[in-house]
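**Student:** Whenever a hint applies, use it, and build me the whole structure from the sequences.
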Amino acid sequence: MKILVPVKRVVDYNVKIRVDKETNAVDLNNVKMSINPFDEIAVEEAIRIKEGGKCDEIVVVSLGPEQSKETIRNALAMGADRGIHVKTEHSPEPLLVAKVLAKIIEKESFDLIILGKQSIDDDCNQTGQMLSALLDCSIGTYASKIEIENDSFVVTREIDGGLQTIKLAKPAVLTTDLRLNEPRYASLPNIMKAKQKTIDEVDPADLQIEMQPKVVTKKVEEPPARIGGGKVESIEDLVDKLKNVSGVI
Amino acid sequence: MSILVLAEHNNEILKEATKKAITAASKIGNPVHVLVAGADCANAANDAASTEGVEKVLHAENSQYKNMLSEPISELLIDLMSEYDYLVSAATTNGKNILPRVAAKLDVSQISEIISVINGKTFQRPIYAGNAIATVESSTDKNVITIRTTAFETAKDSKSTAEISTIAIEKNPGLSEFVEEKVSGGERPELTSAGTIVSGGRGMQSGDNFKLLESVADKLGAAVGASRAAVDAGFVPNEYQVGQTGKVVAPELYIAVGISGAIQHLAGMKDSKVIVAINKDDEAPIFEVADYGLVADLFDAVPDLDKELGKIQK
Ligand SMILES: Cc1cc2nc3c(=O)[nH]c(=O)nc-3n(C[C@H](O)[C@H](O)[C@H](O)COP(=O)(O)OP(=O)(O)OC[C@H]3O[C@@H](n4cnc5c(N)ncnc54)[C@H](O)[C@@H]3O)c2cc1C
Numbered sequence: 000m001k002i003l004v005p006v007k008r009v010v011d012y013n014v015k016i017r018v019d020k021e022t023n024a025v026d027l028n029n030v031k032m033s034i035n036p037f038d039e040i041a042v043e044e045a046i047r048i049k050e051g052g053k054c055d056e057i058v059v060v061s062l063g064p065e066q067s068k069e070t071i072r073n074a075l076a077m078g079a080d081r082g083i084h085v086k087t088e089h090s091p092e093p094l095l096v097a098k099v100l101a102k103i104i105e106k107e108s109f110d111l112i113i114l115g116k117q118s119i120d121d122d123c124n125q126t127g128q129m130l131s132a133l134l135d136c137s138i139g140t141y142a143s144k145i146e147i148e149n150d151s152f153v154v155t156r157e158i159d160g161g162l163q164t165i166k167l168a169k170p171a172v173l174t175t176d177l178r179l180n181e182p183r184y185a186s187l188p189n190i191m192k193a194k195q196k197t198i199d200e201v202d203p204a205d206l207q208i209e210m211q212p213k214v215v216t217k218k219v220e221e222p223p224a225r226i227g228g229g230k231v232e233s234i235e236d237l238v239d240k241l242k243n244v245s246g247v248i
Numbered sequence: 000m001s002i003l004v005l006a007e008h009n010n011e012i013l014k015e016a017t018k019k020a021i022t023a024a025s026k027i028g029n030p031v032h033v034l035v036a037g038a039d040c041a042n043a044a045n046d047a048a049s050t051e052g053v054e055k056v057l058h059a060e061n062s063q064y065k066n067m068l069s070e071p072i073s074e075l076l077i078d079l080m081s082e083y084d085y086l087v088s089a090a091t092t093n094g095k096n097i098l099p100r101v102a103a104k105l106d107v108s109q110i111s112e113i114i115s116v117i118n119g120k121t122f123q124r125p126i127y128a129g130n131a132i133a134t135v136e137s138s139t140d141k142n143v144i145t146i147r148t149t150a151f152e153t154a155k156d157s158k159s160t161a162e163i164s165t166i167a168i169e170k171n172p173g174l175s176e177f178v179e180e181k182v183s184g185g186e187r188p189e190l191t192s193a194g195t196i197v198s199g200g201r202g203m204q205s206g207d208n209f210k211l212l213e214s215v216a217d218k219l220g221a222a223v224g225a226s227r228a229a230v231d232a233g234f235v236p237n238e239y240q241v242g243q244t245g246k247v248v249a250p251e252l253y254i255a256v257g258i259s260g261a262i263q264h265l266a267g268m269k270d271s272k273v274i275v276a277i278n279k280d281d282e283a284p285i286f287e288v289a290d291y292g293l294v295a296d297l298f299d300a301v302p303d304l305d306k307e308l309g310k311i312q313k
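Protein chains in written order, with numbering that gives the first Met the number 0: chain W, 0 to 248; chain Z, 0 to 313.
Worth flagging that the hints you see were computed from the coordinates, not collected in a lab.
It cannot be assumed that every hint is accurate.
Cross-link-like lysine-lysine pairs, in silico, DSS-like; alpha carbons within 30 Å at most [to be verified]: (1) Z:Lys181 x W:Lys53; (2) W:Lys213 x Z:Lys104; (3) Z:Lys218 x W:Lys230; (4) Z:Lys272 x W:Lys218; (5) W:Lys169 x Z:Lys170; (6) W:Lys49 x Z:Lys155.
**Tutor:** Structure (structure tokens):
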């Protein structure tokens, strides 16, 4: 079995971002960037499947600028086998990412594609679902458990009401939720080894995809600030304020 | 500008989230039609038909729609979308699971979790866990949109009843099969529609200690929520999680107990009307968004709160 794991380079989840009023965009200068946390979970899951003897090769792919190679290296250091870097100036919208991924999958076939359920920058939550449509294959979003059977995957999903288990035909696209696993840290020897692994470069122009976005961002603003910081001294005080000042109980 | 809304229901009535999606759809344009697909869901179709703003209900009855699996429902929607300009749904796990699959087949982007409609092509949506608001414009004729339920009112009941048309499209790609569902349910209101929420974090120390919060919640008619740390530690099930990657809520009153207030948690609750924080660390970031912060040990404060609320009830 071959597994493809798409990964995205995003602002680190610990960073509190700032909107630049002049450029009308999120200020990305000198901001720490990391692999999208959900994608890291996807890489970890692929590695565990391989360690369980059910996968022969894990390929990671990333779309983005030159620095996206670091994100790929990161996944290779965790234990993925080989990388593909699709060079784009920015990270394109989910539909375009899905189209690029579909083209790559057309060239070398994969039995399983595992993605993060959402990237923590644009919070779109679309790419995996879109890819499954373009491939006409099954989709299992928000996975918290993946079991592999001969020609199918049994996937437990986190849904609004609780947990749902479904059985999906192979090949399948799966997206990860937080509780699927806890990603490992790459060890120093593995970081060194990852430097020898191949990363192929792909020019999107060679894929014959019209890279024009269908939705454009007109502006980005800060949300209205919430004025908090009020304190109460005791529970009596709290209950009194909730009842008589705010009128919410 | 015809709009199709994908409904979620329990066979009897529409989910409140869908009634909010109907409100958002009415802001985009009209006519608004609602698809009620399921097995044995005629009553839910009737409920849709008597909701304000709905001009027509499409009722699709088939066992393959029972569990809202993405593949058969998307197939149905893709066919129906030849007649519509917009597809709208609430950004629930079902909406988020199904709509992008339809969008890709229509060769359009999806506009995720909008919080306002500026015009038929321009919308606002939060990015970076709600730390920025993007205004986005679509250039396609067809549009697929999910809505953040906290940003729209629930559509009211209507005095008139809309036409219900039965549709029978029974394509099933046969790629997926339902195995089982574990839904906790219970007596308490649902998190996303509750007027009051009492949430616990890692500070609760165990699942057993959540009983303290449940007792308070019972007195307030509230739902119980949690931080990711409390869910990861196994104190409560996953559906309790509030935040960027859990549920986004905006009740009248949100009480955060033993929760530090990480960006990802704030993303899911900072639009609540009144926020109360109980935390023993006076520098916890949750206090920055709280209207009423109490610096105290929760194991003293929560039982006290429970007692005080008991007094009011009598
Ligand atoms: C990709 C990603 C997605 C995430 N999504 C979410 C999400 O959707 N929702 C979410 O909540 N988090 C999410 N997180 C996690 C988030 O970053 C925090 O780790 C999490 O919210 C912390 O939970 P907590 O506040 O319960 O725990 P902690 O940060 O450990 O805080 C515990 C608090 O309890 C207080 N406390 C302890 N004992 C007591 C006591 N006896 N009395 C009073 N106070 C006490 C402490 O002072 C502390 O402030 C996400 C993280 C990542 C990386």
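**Student:** It remains to establish, for every hint, whether it holds in the given structure.
**Tutor:** Quick rundown of the hints versus the structure:
For a cut-off of 30 Å, the pair hint linking Lys181 (chain Z) to Lys53 (chain W) stands: about 28 Å separates their Cα positions. Of the pairs offered as hints, the one joining Lys213 (chain W) and Lys104 (chain Z) holds, with about 14 Å between alpha carbons and a cut-off of 30 Å not exceeded. Pair hint Lys218 (chain Z) plus Lys230 (chain W) holds up; C-alpha atoms about 23 Å apart against a cutoff of 30 Å. Among the hinted pairs, Lys272 (chain Z) with Lys218 (chain W) is consistent with the structure: their alpha-carbon atoms are about 27 Å apart, no more than 30 Å.
With a C-alpha separation of about 19 Å, the suggested pair Lys169 (chain W) and Lys170 (chain Z) falls inside the 30 Å cut-off, and the hint holds. Between the alpha carbons of Lys49 (chain W) and Lys155 (chain Z) the distance comes to roughly 53 Å, so the proposed pair goes past 30 Å and is violated.
Of the hints listed earlier, the one the structure fails to meet is number 6.
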